[in-house]
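Asker: The chain contents come next:
Protein chains: 4
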Amino acid sequence: MANKKVVLAYSGGLDTSVAIQWLKDKNYDVIACCIDVGEGKDLEFIKQKALTVGAVESYTLDCQDEFADEYALIALKANALYEETYPLVSALSRPLIVKKLVEVAQETGAQAIAHGCTGKGNDQVRFEVGIHALAPDIEILAPVRDWHWSREEEIDYAKEHNIPIPIDLDSPYSIDQNLWGRANEAGVLEDPWVTPPADAFEWTSAIEDTPDTPDILEIGFEQGKPVTLNGETYPLAEMVLKLNKIAGKHGIGRIDHIENRLVGIKSREVYEVPGAEVLMTAHQALEDLTFERDLCHFKPQITNQMSNTIYNGLWFSPLMEAMVAFIEQTQKVVTGTIRVKLFKGNVVVEGRKSPYSLYDKDLATYTSSDTFDQQASVGFIKLWGLPTQVAAQVQQKGDLETKGQGVH
Amino acid sequence: MANKKVVLAYSGGLDTSVAIQWLKDKNYDVIACCIDVGEGKDLEFIKQKALTVGAVESYTLDCQDEFADEYALIALKANALYEETYPLVSALSRPLIVKKLVEVAQETGAQAIAHGCTGKGNDQVRFEVGIHALAPDIEILAPVRDWHWSREEEIDYAKEHNIPIPIDLDSPYSIDQNLWGRANEAGVLEDPWVTPPADAFEWTSAIEDTPDTPDILEIGFEQGKPVTLNGETYPLAEMVLKLNKIAGKHGIGRIDHIENRLVGIKSREVYEVPGAEVLMTAHQALEDLTFERDLCHFKPQITNQMSNTIYNGLWFSPLMEAMVAFIEQTQKVVTGTIRVKLFKGNVVVEGRKSPYSLYDKDLATYTSSDTFDQQASVGFIKLWGLPTQVAAQVQQKGDLETKGQGVH
Amino acid sequence: MANKKVVLAYSGGLDTSVAIQWLKDKNYDVIACCIDVGEGKDLEFIKQKALTVGAVESYTLDCQDEFADEYALIALKANALYEETYPLVSALSRPLIVKKLVEVAQETGAQAIAHGCTGKGNDQVRFEVGIHALAPDIEILAPVRDWHWSREEEIDYAKEHNIPIPIDLDSPYSIDQNLWGRANEAGVLEDPWVTPPADAFEWTSAIEDTPDTPDILEIGFEQGKPVTLNGETYPLAEMVLKLNKIAGKHGIGRIDHIENRLVGIKSREVYEVPGAEVLMTAHQALEDLTFERDLCHFKPQITNQMSNTIYNGLWFSPLMEAMVAFIEQTQKVVTGTIRVKLFKGNVVVEGRKSPYSLYDKDLATYTSSDTFDQQASVGFIKLWGLPTQVAAQVQQKGDLETKGQGVH
Amino acid sequence: MANKKVVLAYSGGLDTSVAIQWLKDKNYDVIACCIDVGEGKDLEFIKQKALTVGAVESYTLDCQDEFADEYALIALKANALYEETYPLVSALSRPLIVKKLVEVAQETGAQAIAHGCTGKGNDQVRFEVGIHALAPDIEILAPVRDWHWSREEEIDYAKEHNIPIPIDLDSPYSIDQNLWGRANEAGVLEDPWVTPPADAFEWTSAIEDTPDTPDILEIGFEQGKPVTLNGETYPLAEMVLKLNKIAGKHGIGRIDHIENRLVGIKSREVYEVPGAEVLMTAHQALEDLTFERDLCHFKPQITNQMSNTIYNGLWFSPLMEAMVAFIEQTQKVVTGTIRVKLFKGNVVVEGRKSPYSLYDKDLATYTSSDTFDQQASVGFIKLWGLPTQVAAQVQQKGDLETKGQGVH
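Chains as they are written, first to last, in my numbering: chain L, 1 to 408; chain X, 1001 to 1408; chain P, 2001 to 2408; chain Z, 3001 to 3408.
Think of the hints as simulated: they come from the structure by calculation, not from any bench. Among these hints, one or two may not hold up.
Said to hold, decoys possible - Keeping only pairs whose Cα atoms sit at most 25 Å apart, straight-line, the calculated BS3-like set for lysine-lysine is:
1. Z/Lys3332 - X/Lys1299
2. L/Lys332 - P/Lys2005
3. Z/Lys3332 - X/Lys1332
4. P/Lys2341 - Z/Lys3299
5. P/Lys2047 - P/Lys2024
6. Z/Lys3299 - X/Lys1332
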């Protein structure tokens, strides 16, 4: 009987290299598939390594632009932050990776897909829920979750099968990165009272080491998408990579967060998101200028739900589609330019302008060009306060002391 | 017939000094009332000035502690930020001032209350709605909104009545401040493309001028209230004032925001909130450590509504009372210590600890002390993804291209 | 100098007939415009009456289909109910009427638009905010709000100008109706302890007078739109009118509600919405069958906001456009058939089916055809309960009594 | 070695009787515990049966009043409905049962608790998550989920061990009931196109069989709690049981719902909740009369979250405690009387009155006693519509056609 075929999400690291052999032991033909979402991987090297350690086929896909334009951009338009803090770095790349794995499985006629996640993180959920949302009937394998080995046992197995051991194996950290950011956990970070050590960061300078001269940037948006930097046009992926460098140098984008994982535990996560922080800050400032008030006040409910939906592995879902329709509709006026100053860890919005700006100087001003009808306020206040005034007349005992205590 | 009595919210500035005379012209006996919520006013001077320019009585009330303990503290416990940005500086002081004005009116038998707000800001709403929520039948007067004078006409009137003209009259800005922060608008700030000039700030250093050595602070909380700074106990008002100094020196707490006013216009506001920013950052970090996940995820809905309620002048309302009950209930576990580093405009949380910490290293760790049951994830993922999997089986055409487009 | 032209929203009743003369007195040329949104008006009679009482031009527009297909249908797809009760009858027709008035004004070169609303209802807001959202610079006139006449004075003025007095003038009620429903207020209804008298209702039978045999209907939907009734295809307007008759006969669709008006007061409103209630009940049942769980749980937030937005006169707004995009995206699967039983005031959903049904008997069944993996529940429960379990371990005193009290 | 002790949630039915023997086989001493939450069980009979089939101890607890006063009442005050439909019948009883099981376990020194739920419903989650929230370290057993028997195998095992087989064993339905309602699923109900047959209902008459004379009831509330019926005082449990009879006779309280279970599947549930429907309808009507507008509009967010929290088994959680604090605070004004008419399946609110009523006839009336300032509306509308008006001026192309399309 022919072996079953499995498409393995392959990173080139120890875990997924060992997984190739482990899957072979289980009589699977392994099709390695490495997807670059902006880590700057050496794809040719990884492709060969997969074959060397036993894959029957090896695919590498450069998906940087697709990731930027169809995943990170949605998150940017939505200002998506999980727990108002985390810009969803890994969570955003999973649906793209999943989609590619399913496509490769369908093209190669594979019956299964395998991933290298452990059993205690969010990524296993994102892989498996995403795969079954696109290919409900495909088999899913999770070698690393299933083999129940200690680190030592894994290394022994690797040596026994001539699988190369990476030289940075004793790094204390668990890292994931793509162009939208870099996530770091484990090691000494597991004590929330401890300051993250210098070696926890790679993309961003400590503030102590940042330049004494700021960078001033003008970022141009069209319908919510950043398209120019200081007047020059860039594809989004390239712009993010460039901003990661510039803003990283200024110490921007460090996040240190106690986060609630979907699998029920709190973990401490350290992120570096220099480019994402600059773009999200600028994008929000442009919406502040161009969004009508009710839209300003309601959109955060969509933002919050979309952040949860992405974090929780439900990108491919009817709710996500409807939220994307909402967000896209809002971005029609998010066109204009934001001037930011990058300096000593800070992204400071210093100026904003837009053809759709709703800021009206003649309404807002205190000078004689004032066009605001101040007497309209009298009627407004009467009706605005009427419900609480009637409530006070009927329900309050006229006792200020009590009233005070009721609130405190 | 005897004159009617009016209690006037008196600041000592030109507008409310002129208002005393203007109200006298309308046959009111004016009872001036100046309430200090942390501006560090010279209350004795103001008291005398009111009498000098024509008030029949003059009250001054030092309400710094009451403001800190019963208004700012609620906002801190709620992490309240209007439009996720503005810590409600002026909006928080209005209900306290309103309460005091109503008390003075009741004690002195006044039939009316007057305030010095113009007709295009939020504060007129907060004064009038608040007053009528506490004293539904009292008359409200708004001289500045009603007199329809240009600046020049007002000055002429002042000179004519021997009302002193302040020496800083030609300041381009409109300022309001209390211990929770300082608000600045108008002048050159009315162009949103212009960088705020140096003279727009008073409490905070430009990052360029901040010290090259950070301050590290340990802030101790008990049930959501900050009580110690580096181990020393402080009343809240004093702690905030102290932090305003320390954090201001490091350039912390500058906000530059296009804000949606309740009266229907966008305005550009520049705030300085050094102490508030430090305390809110630390308080949030402690909640991240001690709040159960669902509480973490739901509380922002209360935060958002409470921020709007306060901003919109509805502090004295049944909804506010219910939200306060919610918030107070949650704070029982917000006890512990947060270590922050103040440096170059940044408040960086470096460490957190609490007897109620829900971060469990043995659950979160990737080391061998792991107590998390990784196999439980298999069942979890199956049921978590079941709804989207069934939806995919029934509703999706098996067409990945289409699927992709549906989302983008 | 030529008179200014004003387009008047003309109903044919006393108020707007008097308004024609009143506007003439103010040197306006009045262009009457009567828009039929399903009241079954005698448009030809109204057209002539406008000219008779003094209009220079008179337009009548039959907009029943447009109202059904582009306004009521949006509300149906959204399941929109203000305060979870009122299907927005009048609120839905205002944007259509406003749009037509603006079009007529633009075509006729009118400088102003006038409406016949009083100063204490919601409709004045909906007219004026809607008009200025489409034509920001047009003048708006509100004769009825401005003339400050008692009923008697108005009648005297009408008689003086030969304006016909309607024979039902002494009706105690204030009525507005269109094909989506009939709204009734005022008169004896102003006492919320009083049962609405029989003459408050016109479209619906008292339950005491309904047939003893039910009607069973099958309603077919395509992408959220009801298209067939018992297998026969109908335009929506016609279907609603037909259902108003059938369901009204069964006493369905009476609503008696204490409602919070936008202008700050509570009012008691009596509505009759037989057709709308049948369609909304059926539509909701079809969504229950075809919506993935997260979409079921999130959509009500959009529903609630959209209901408020429509009620508050903000149909023409960026937020509304974004919410419509959300809703339309969700309706792609709302195709199928709902069987309802109409009987004695009740709309009972008895059966539902859809090609997109997510109800999976083999997953749900307790019989041997069960395909649900019950062991997956074990892992699911472990992770689902982990956050509260850890919270219990750390934060609870092990004291059940206290725990109980904390909740009660 | 001594046997371990397990407390079993015992109902007296086949499953939990077999579970006693099954647990004995596993070397547990079984302490049976039957908790009556209003089903009207024969507790003495059940107590003996447990001992007969092998329990070493047998407890029965009458918790009807505790269930009504501390669980159902919270749900009533919150107007809690899962998916806006289901009044949480079973979900409400689980936390009380769990609390009692844990208390018995602690008193008897048991190391484990067992329940009789299957592996595909919500109740297993509610039991296990609830138990671990109160006793994080206790062992939990789920015999019915674990034994993997077919119905026939279970019956064979029962016969073999002399466990009595109930005479209604061939009922097609799976029933759970308490005083707040009766839940029914399975059997022919598993086809959502099929009308529920007559034998699916036990508490409510078919509308065809209801009396031709209505019952009119006056329900008196104090601070949200129903305390009188037609002027007579009742304990809540007794009032609910009485209303179940009266309203059931009129065919009130049938619910037929496609519901999203927490474990990821849709199920069709048929409920009978006559008393709960009457009380919830009346309670809501009293809140409509006494709640200030913003509270009316915000409370549903708490209602929705609390409904989910209860449904999802998270009663004992910090979020629940905070929501209860919110709800209790709001109920201070929910005092008054609601008059309802029960007739032919309908609960019609016909009158409402309260000392805290915010309905103000003089503000709402269209008669000459009107105290509402209609001119205040002019200013109100100007500012209310200002944001959309400015947006229209800046962002709209002046093209009504396009505008229309954007919305439809």
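Asker: Tell me if the straight-line CA distance from Z/Lys3299 to X/Lys1332 falls inside 25 Å.
Answerer: holds (23 Å)
Asker: Can the restraint linking Z/Lys3332 and X/Lys1332 be considered satisfied, given a maximum Cα separation of 25 Å?
Answerer: Given pair Z/Lys3332, X/Lys1332 holds - Cα atoms ~24 Å apart, limit 25 Å.
Asker: Are the Cα atoms of P/Lys2047 and P/Lys2024 separated by 25 Å or less?
Answerer: holds (18 Å)
Asker: Holds or violated: are the alpha carbons of P/Lys2341 and Z/Lys3299 at most 25 Å from each other?
Answerer: violated (33 Å)
Asker: Quick one, are L/Lys332 and P/Lys2005 close enough, alpha carbons at most 25 Å?
Answerer: violated (35 Å)
Asker: Holds or violated: Z/Lys3332 and X/Lys1299, Cα atoms, limit 25 Å.
Answerer: OK: Z/Lys3332 and X/Lys1299 at ~23 Å, within 25 Å.
Going down the numbered hints, you'll see the structure goes against 2, 4, while the others check out.
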